[in-house]
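Q: Chains A and B, in that order, give the protein sequences.
Mapping of the first sequence onto the working numbering: position 233 corresponds to residue 233, and the numbering continues sequentially without gaps.
Mapping of the second sequence onto the working numbering: position 206 corresponds to residue 206, and the numbering continues sequentially without gaps.
If you are wondering where the hints come from, they were derived from the structure by calculation, not from laboratory data.
Any given hint might turn out to be false.
Once the Cα atoms are required to be at most 16 Å apart in a straight line, the calculated EDC-like pairs of lysine to aspartate or glutamate come out as [claimed, not checked]:
| id | chain 1 | residue 1 | chain 2 | residue 2 |
| --- | --- | --- | --- | --- |
| 1 | A | Lys350 | A | Asp425 |
| 2 | B | Lys214 | B | Asp145 |
| 3 | A | Lys17 | B | Glu328 |
| 4 | B | Lys184 | B | Glu253 |
| 5 | A | Lys291 | A | Asp326 |
| 6 | A | Lys226 | A | Asp326 |
| 7 | B | Lys214 | B | Glu253 |
| 8 | B | Lys307 | B | Glu328 |
| 9 | A | Lys225 | A | Glu177 |
| 10 | A | Lys335 | B | Asp88 |
| 11 | A | Lys428 | A | Glu407 |
| 12 | B | Lys370 | B | Asp345 |
| 13 | A | Lys325 | B | Glu207 |
| 14 | B | Lys125 | B | Glu115 |
| 15 | A | Lys325 | B | Glu338 |
| 16 | B | Lys268 | B | Glu338 |
| 17 | B | Lys84 | A | Asp326 |
| 18 | A | Lys446 | A | Glu407 |
| 19 | A | Lys410 | A | Asp396 |
| 20 | B | Lys268 | B | Asp345 |
| 21 | A | Lys17 | B | Asp145 |
| 22 | A | Lys428 | A | Asp396 |
| 23 | A | Lys120 | B | Asp327 |
| 24 | A | Lys428 | A | Glu440 |
| 25 | A | Lys125 | B | Glu253 |
| 26 | A | Lys125 | B | Glu303 |
| 27 | B | Lys363 | B | Asp327 |
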Amino acid sequence: MVTTNAIHESLVKIVGKSYVSASREEKYFYARDGGLMPPHEPDFVVLPRTTEEVQEIVRLANREKIPIVPAGAGLALTGLVIPQKGGIVVDMKRMDRVLEVNEKARYVIVEGGTTQGALKSYLQKHHPHLRHSIPDAPPSATVVANAVIHGQGRLAHQHGFNSDMVSGLEVVLPTGEVCRIGSCSVSSYWFSKGPPLPDLSGLFLGWFGTTGIITKLGLKLYPCKKLRDVMVLLTDKVELVPDILLRLSHTEMVEDTVISAQPLPLRFRGTFWIMTYITGDSDEELEFKRKMVWDAVWDYFQSRDVGFISTSPEGKAPLLSMPSKDTTRFADVAKGGGFQYAGPITPIEKFPAFIRKLEEVAAKYNVFYGSTTRLIGSGHCMMFSFSFSFNRANPDEMARAKRALDECSKFALEEGAVLWKPDVDEQKMIMEKMDPNTLELMRKIKRLLDPNGIMNPGNWEMR
Amino acid sequence: MMQQKYVSQIHRCFRCGYCKFPTDYSSFNCPPYQRFRFETYSTGGRLWLIYAWLKGEIEWSEHLAEILYTCTTCRNCAEQCPMKFAPDIIDWIVGARSDMVEKGRIPPRVARFFEAVQGYSNPFKLLRDDRASWANGTKLYSPGDEFLLYIGCLGSYDENGQKMAKSLVSVLKAAEVPFGIMGKDEECCGNEVYMLGEMGLFQNIAERNIQKFKKLGVRKIVTLCPHGYHAMKNNYPKAGGFEVYHYTELLAELTKAKKLKFSSNRIKVTYQDPCFLGRHNNIYDEPRQVLQYIPGIELVEMERNRKDAFCCGGGSGNFVMDLLAGDENSPARIRVREAYATGADILAVACPGCMTMLTDAVKTENLETKLTVHDISQILARSLS
């Protein structure tokens, strides 16, 4: 085993002195995220600029059997980039270029650390008729990290998970080779992550950096209509929500559907706000879609089970903004800078049961709560968030929030949901429930790709 | 008071990262984050480290202090942070610096800055008697003058700042504005001392200046530098009883009132919003009005402008200490590249701090034959007929 100093020197040779740190301050910060998982410090933080530099870092780590953790902005909040076993955190955000937009095949190629904000801005400026599925994470979230955790964005209703929209990958394997995945492996075009080839993207998406480091990613782009509007539906009948969602989905006119439930301010308590986003290239198109949405729930409206909220342009502005700053503001509800949520992916029929569980758990542990649910696909599933805001200066409140989250996750799993971006404890819960042959397949894949077990160890760790 | 407030509130940062961006998320707008790229150099990183230091989870170190002092207090973070506490962020950073000052744990360059201001009333350790060496007979303020023209340290001692001071004097004379300067009796405004957290020294400076202004019977002060403008307008005790203007406000009034006559001069100009004029004091229009009043000037904007303008990297004393220098990602170098990309002949400034930072950056970027940095009063002076 070479000395820490020798590793440091090697890293300096690869990325330059300015972009390696073994200082206490960087170790402290990169040891934690904004959520509730316990911190664990890295030995080094490095900021590579090129795929070649990433390769060199990985080769070094593999040779010396040092853990290595690729990191975006750490906004999963479930500790996925906390280096559970120390080692090297590779902060990817210096690799931040938008490399290519193919307008006619509607995809973009970005580097591994490009932020959602930068991509949004780039498209607005250079390709205003195209857009990507912007998640409601802050703009510092990276495109790659969001795909790796199977994130969802503003086009989830129409096009599914953001990982479904990936159209190609460049990956540095744990043994240092650079590998292209999808159409780009046989062509200069990045239009497909798999079909008609075997879809190897599944070896990397959802693995939280345990099978390689994505240095480039192709992402499908979609038409960006000139006009966009939000219709806000309101109901106090939780049992009606799944049917309302199915009806909205049936119109095939809705771009994004989000359901918000929160106890404060009091006017929100006991009601469910269904934000229904529609787009169009003309007022006529928009009006037609509005009518379709109205018609879909008209009988509920007549029976006074559903209402439409009339919202001023000023009131709509925060709802229409992408990403939504309001999502982030939830972190300060408890005036304490803490926010974490369990986000099980589940059939939409579970909505009433999950809401009841959220209220029950929040009362039991006396924690601030909220929920934002997003429809994924044409009603195929939803991401239901059990969200808790806590005060980072209050350890007792943090402990209660963690217990509340754990209980919600366990409940969701028992109800047939699959936990989204699970923390290391939740990953264990999932693997315990997983079909043994599936688990064995995952184990074989991991062993084959990462023989020395250097990649983000602690995550998806199969005994 | 400030210390108590930051100690009880600073944990509220969620490290979401909005603070790093301009409004359109097109790039990074936090100068130290753009320069160093470790998360620790973003506002979120800084606030989390301060909180860790307060809790005793990390010890003070030179690196920690450097992270804290590379913040230029440009206020982009306060502009972009989505939380209710956003307006307090600069106070939190200044509060933490103040704690470090009280404990004597500051970077050597910051300590030298304080020593210089304490001993010489300027951060350059230059002689007080030389403070008005640029003035060349400019009239001293006397009762009856409408304005005291307050020059500040950069305008008094820095070569480029002195050029700004001379130009402004010539313009004010041409407009027949009744004004005078303090000459060698002028002292440092204290803005950087405040932002760097030396509250005792700042209080002394502010009280001394107020006494001098009162003794002279000053009712209206016009400053050359946005930093002095900010300190006097917002951080001096309200007992001063005088009005404060930045010179671009006065020039905007003079041009509007047609007190100045210009000859036409076809030239393309872009403008750098100084942080202490723009984001700190919401003055965006007046400097542009002055430029647009001059016949022949075509004003083109850099992509990041007004509240999204990218700081030159000179705030919080960095126009002297320059903790963000030494790299192609130094803010001033990035900014002059952006200015050059507009096709402008002149990068107009309204702050001697921006003037010195950007002039140096133009040289480093080898743009001297393509882009010239001029203060608005210099542009105005050259256009006077």
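Q: All hints, please: hold or fail.
A: Each hint, compared with the structure:
1. A:Lys350 - A:Asp425: 23 Å, violated
2. B:Lys214 - B:Asp145: Satisfied, since the Cα-Cα distance of roughly 14 Å is no more than 16 Å.
3. A:Lys17 - B:Glu328: At roughly 15 Å apart (the allowed maximum being 16 Å), Glu328 of chain B and Lys17 of chain A satisfy the hint.
4. B:Lys184 - B:Glu253: 29 Å, violated
5. A:Lys291 - A:Asp326: Outside the cut-off at roughly 28 Å; violated.
6. A:Lys226 - A:Asp326: 24 Å, violated
7. B:Lys214 - B:Glu253: Given that 16 Å is the threshold and the Cα spacing comes to 26 Å, the pair is violated.
8. B:Lys307 - B:Glu328: Distance of about 24 Å is beyond 16 Å: violated.
9. A:Lys225 - A:Glu177: 41 Å, violated
10. A:Lys335 - B:Asp88: Judged against 16 Å, a Cα distance of about 14 Å means the pair holds.
11. A:Lys428 - A:Glu407: 15 Å, holds
12. B:Lys370 - B:Asp345: The hint holds at about 7 Å.
13. A:Lys325 - B:Glu207: Measuring from Cα to Cα gives roughly 42 Å; hence the hint is violated.
14. B:Lys125 - B:Glu115: 8 Å, holds
15. A:Lys325 - B:Glu338: Violated - the C-alpha atoms of Glu338 of chain B and Lys325 of chain A are around 28 Å apart, more than 16 Å.
16. B:Lys268 - B:Glu338: Roughly 14 Å between the alpha carbons, so the hint for Lys268 of chain B and Glu338 of chain B holds.
17. B:Lys84 - A:Asp326: 11 Å, holds
18. A:Lys446 - A:Glu407: Given that 16 Å is the threshold and the Cα spacing comes to 29 Å, the pair is violated.
19. A:Lys410 - A:Asp396: With a Cα-Cα distance of about 21 Å, the restraint between Lys410 of chain A and Asp396 of chain A is violated, given a limit of 16 Å.
20. B:Lys268 - B:Asp345: 5 Å, holds
21. A:Lys17 - B:Asp145: The hint is violated at about 56 Å.
22. A:Lys428 - A:Asp396: 25 Å, violated
23. A:Lys120 - B:Asp327: 28 Å, violated
24. A:Lys428 - A:Glu440: 14 Å, holds
25. A:Lys125 - B:Glu253: 36 Å, violated
26. A:Lys125 - B:Glu303: Holds, at about 11 Å.
27. B:Lys363 - B:Asp327: Holds, at about 14 Å.
Consistency with the previously given hints fails for numbers 1, 4, 5, 6, 7, 8, 9, 13, 15, 18, 19, 21, 22, 23, 25, ordered from lowest to highest.
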